[in-house]
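These protein sequences, in sequence, are chains A and B. Just so we're aligned, residue 1 is where the first sequence starts under the numbering used here, counting upward by one. Just so we're aligned, residue 1 is where the second sequence starts under the numbering used here, counting upward by one.
Quick caveat, the hints were computed from the structure, so don't treat them as lab data. Do not rely on the hints blindly, as some may be mistaken.
[What the hints assert, rightly or not] Below 35 Å or equal to it, Euclidean Cα-Cα: the simulated DSBU-like pairs (lysine-lysine) are: (1) B:K20 - B:K73; (2) A:K163 - B:K152; (3) B:K73 - B:K41; (4) B:K83 - A:K86; (5) B:K331 - A:K163.
Remember, it's a predicted structure, so these values are computed and weren't measured experimentally.
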Amino acid sequence: MSFHLILFLAFGAVCVGGAVNLLAQRHPINSALSLIAVMAALAGEYLLLGAEFVAAVQVIVYAGAIMVLFVFVIMLLNAGVEEETKGSRIALLFGVPGVLTSSVLMVWVVLRHSVTEAVPIGALPGHPTDIAQLLFHDFLLPFEVTSVLILIAIMGAVVLASKPEATARKVG
Amino acid sequence: MGEEAKALSVGVFILVSVIKSVLVLFVLLTAVAYTVWLERKVVGHMQNRWGPTRVGPFGLLQPAADGLKFLFKEDLTPPHVYKPLFLAAPMMAVIFALTSISVIPFGNSIPIFGYNIPLQITDVNIGLLLILGVTSMGVYGVALAGWSSNNKYSLLGGLRASAQMVSYEIALGLSLVGVLIQSGSFSLRTIVDAQGGRFLGFIPRWNIFHGQFIGFFIYLMAAYAETNRIPFDLPEAETELVAGYHTEYSSMKFAMFFMAEYANMITVACVATLLFFGGWHGPLIGPPLVQAVLPVFWFLAKVFCFLFLYIWVRGTLPRFRYDQLMSFGWKFLLPLAIANLVATAIAVAW
Numbered sequence: 001m002s003f004h005l006i007l008f009l010a011f012g013a014v015c016v017g018g019a020v021n022l023l024a025q026r027h028p029i030n031s032a033l034s035l036i037a038v039m040a041a042l043a044g045e046y047l048l049l050g051a052e053f054v055a056a057v058q059v060i061v062y063a064g065a066i067m068v069l070f071v072f073v074i075m076l077l078n079a080g081v082e083e084e085t086k087g088s089r090i091a092l093l094f095g096v097p098g099v100l101t102s103s104v105l106m107v108w109v110v111l112r113h114s115v116t117e118a119v120p121i122g123a124l125p126g127h128p129t130d131i132a133q134l135l136f137h138d139f140l141l142p143f144e145v146t147s148v149l150i151l152i153a154i155m156g157a158v159v160l161a162s163k164p165e166a167t168a169r170k171v172g
Numbered sequence: 001m002g003e004e005a006k007a008l009s010v011g012v013f014i015l016v017s018v019i020k021s022v023l024v025l026f027v028l029l030t031a032v033a034y035t036v037w038l039e040r041k042v043v044g045h046m047q048n049r050w051g052p053t054r055v056g057p058f059g060l061l062q063p064a065a066d067g068l069k070f071l072f073k074e075d076l077t078p079p080h081v082y083k084p085l086f087l088a089a090p091m092m093a094v095i096f097a098l099t100s101i102s103v104i105p106f107g108n109s110i111p112i113f114g115y116n117i118p119l120q121i122t123d124v125n126i127g128l129l130l131i132l133g134v135t136s137m138g139v140y141g142v143a144l145a146g147w148s149s150n151n152k153y154s155l156l157g158g159l160r161a162s163a164q165m166v167s168y169e170i171a172l173g174l175s176l177v178g179v180l181i182q183s184g185s186f187s188l189r190t191i192v193d194a195q196g197g198r199f200l201g202f203i204p205r206w207n208i209f210h211g212q213f214i215g216f217f218i219y220l221m222a223a224y225a226e227t228n229r230i231p232f233d234l235p236e237a238e239t240e241l242v243a244g245y246h247t248e249y250s251s252m253k254f255a256m257f258f259m260a261e262y263a264n265m266i267t268v269a270c271v272a273t274l275l276f277f278g279g280w281h282g283p284l285i286g287p288p289l290v291q292a293v294l295p296v297f298w299f300l301a302k303v304f305c306f307l308f309l310y311i312w313v314r315g316t317l318p319r320f321r322y323d324q325l326m327s328f329g330w331k332f333l334l335p336l337a338i339a340n341l342v343a344t345a346i347a348v349a350w
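Working from the sequences, and respecting the hints, build out all of it.
What follows is the structure in structure tokens.
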């Protein structure tokens, strides 16, 4: 029971607990905060694999920017507590055993066809220079195409957020 | 020192780390209290009045008096707030403000009892990214405080503050990338070590003289906006939004926001010293015992100069209007930071 395994289980528990809490909470802001906890726990898991750069970027980008956006939207739209919907008995009767059975089957198939051994820290390339080599040398074209995709998204956001009179004046 | 340094066993390492953490935390919290004192004195003298003078000589016991006041004040929790987040937001602000001090190196290693102890709580390979990550998480304290107060002034103040912090984070990060390209590592100790030595025998090889002059000024402006200080303090301006996101807070919770703001200031000053001004490098004079401790003195002197600059700017400039602030960040600072990055990259690749 090495310290590595204990840390892995601890971060994993926070991850799963946060994800379950996300679904169980009724106020969206609590769900958003649980998702932030999940992101932080994932960053911890990346650190345990030795991927330090990815862990830092996970915190900076996902927990620090994307989730801030989520929280902003919840605050600005004044999203309140969700209303209760009528539960479905069929979903409970067939759904829960169905989900359990299918997840057990999937895990069994995956474990059967994979080599399961713990990855020691440092086995996979995690140093920023390795990632830079992959990103800007081996996978340069997908990287540039992704930035064009993000540029299109930004342009779409600017068009959607612009004032209607401005677009009407351009058309008419 | 002729003897070999002993390697640290696990137990000794944990003990040393705990002692370092407690010491650094104690020093940081005292520094926060006395930065408040310094600000009140300096701004007071700039405005042609004395600052605190009654409590202790030169008002030096004023922070202690303020601390006692905060402890004894009534801790109001208004009935209309969203309690869990109302209580958690100041804690989050303080936690994230105090975390980033753990990767800041104060000096070289000092030999104690035969062990070589580096003057840093931990030297992670991604030290600079850790500071940026903690800065981006610091937005939550402000945003959630503003929202959970259930009060239109707080909500607007919180949203403005978080939008400002998110916008200037980009320029902040990009200004640091110039330094990273020149140093080749994210580890703060490596970045400082690369700034040793001198040009022409007398100009120190600090990054600000070594090509990052514009980068330094971009960092400075972005950092003033990140820490919500004048001239970028519209989110907490009294004339605009009552008190912005901390309107509904009293006593200890307000003190926590206050502590978080000044701890952020100190962290920014430390990072500026490390990245642009050579960290603890400075003339080493005197006997070997003094020489082992002198780097820490140089580091603290440089950090003090930055804090004084922060307070000086606070006493001098008027604040930006919100739209001026946002357009400055996005339309001027960000393109300038990108241009600085491109110029540095070309210069290094030449």
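Structure-based check of each hint:
1. Between K20 (chain B) and K73 (chain B) the CA atoms are separated by roughly 32 Å; this keeps the pair inside 35 Å, and the hint holds.
2. With a CA separation close to 25 Å, the supplied pair K163 (chain A) and K152 (chain B) stays within the 35 Å bound.
3. Distance check on the hinted pair: K73 (chain B) and K41 (chain B) sit about 24 Å apart at the alpha-carbon level, within 35 Å; holds.
4. At roughly 29 Å between alpha-carbon atoms, K83 (chain B) and K86 (chain A) fall within 35 Å of each other, so this suggested pair holds.
5. Between the alpha carbons of K331 (chain B) and K163 (chain A) the distance comes to roughly 20 Å, so the proposed pair stays at or under 35 Å and holds.
In the structure shown, no violation is registered for any of the earlier numbered hints.
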